[in-house]
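Put together the whole structure using the sequences plus the hints.
First residue of the sequence shown: 419, per the numbering used here; consecutive thereafter.
The set of hints was computed from the structure by calculation and includes no laboratory data. We put the CB at the ideal spot given by N, CA and C, even for glycine. Some hints here could point you the wrong way.
Below, computed lysine to aspartate or glutamate pairings styled on EDC-like, alpha-carbon distance capped at 16 angstroms [unchecked claim]:
no.: 1; residue 1: Lys447; residue 2: Glu457
no.: 2; residue 1: Lys422; residue 2: Glu457
no.: 3; residue 1: Lys422; residue 2: Asp454
no.: 4; residue 1: Lys455; residue 2: Glu429
no.: 5; residue 1: Lys447; residue 2: Glu429
Distance windows between CB atoms, simulated [what the hints assert, rightly or not]:
no.: 6; residue 1: Glu457; residue 2: Ser423; range: 17 to 25 angstroms
no.: 7; residue 1: Ser461; residue 2: Pro424; range: 31 to 39 angstroms
no.: 8; residue 1: Pro424; residue 2: Glu444; range: 26 to 34 angstroms
no.: 9; residue 1: Arg450; residue 2: Pro424; range: 17 to 25 angstroms
no.: 10; residue 1: Phe431; residue 2: Ser461; range: 18 to 26 angstroms
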Amino acid sequence: MTYKSPRGLIEFFIGLIHGVGKYFHEELKVTRLSSDKVEIIFS
419 MTYKSPRGLI EFFIGLIHGV GKYFHEELKV TRLSSDKVEI IFS
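Below you can see the structure in the form of structure tokens.
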């Protein structure tokens, strides 16, 4: 997934992904690949 924002809140974005996973009872792994890309792996 690519995150684009002039604010650079990639850590906030990663937190939102984790929160959505918890809400839907999904185990997932989020890896930050760069300052604007994350990899999401669903178990």
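So, going through the hints one by one against the coordinates:
| no. | hint | verdict |
| --- | --- | --- |
| 1 | Lys447 with Glu457 | 8 angstroms, holds |
| 2 | Lys422 with Glu457 | 15 angstroms, holds |
| 3 | Lys422 with Asp454 | 6 angstroms, holds |
| 4 | Lys455 with Glu429 | 11 angstroms, holds |
| 5 | Lys447 with Glu429 | 14 angstroms, holds |
| 6 | Glu457 with Ser423: 17 to 25 angstroms | 18 angstroms, holds |
| 7 | Ser461 with Pro424: 31 to 39 angstroms | 33 angstroms, holds |
| 8 | Pro424 with Glu444: 26 to 34 angstroms | 30 angstroms, holds |
| 9 | Arg450 with Pro424: 17 to 25 angstroms | 18 angstroms, holds |
| 10 | Phe431 with Ser461: 18 to 26 angstroms | 20 angstroms, holds |
The structure is consistent with each of the numbered hints, conforming to all of them.
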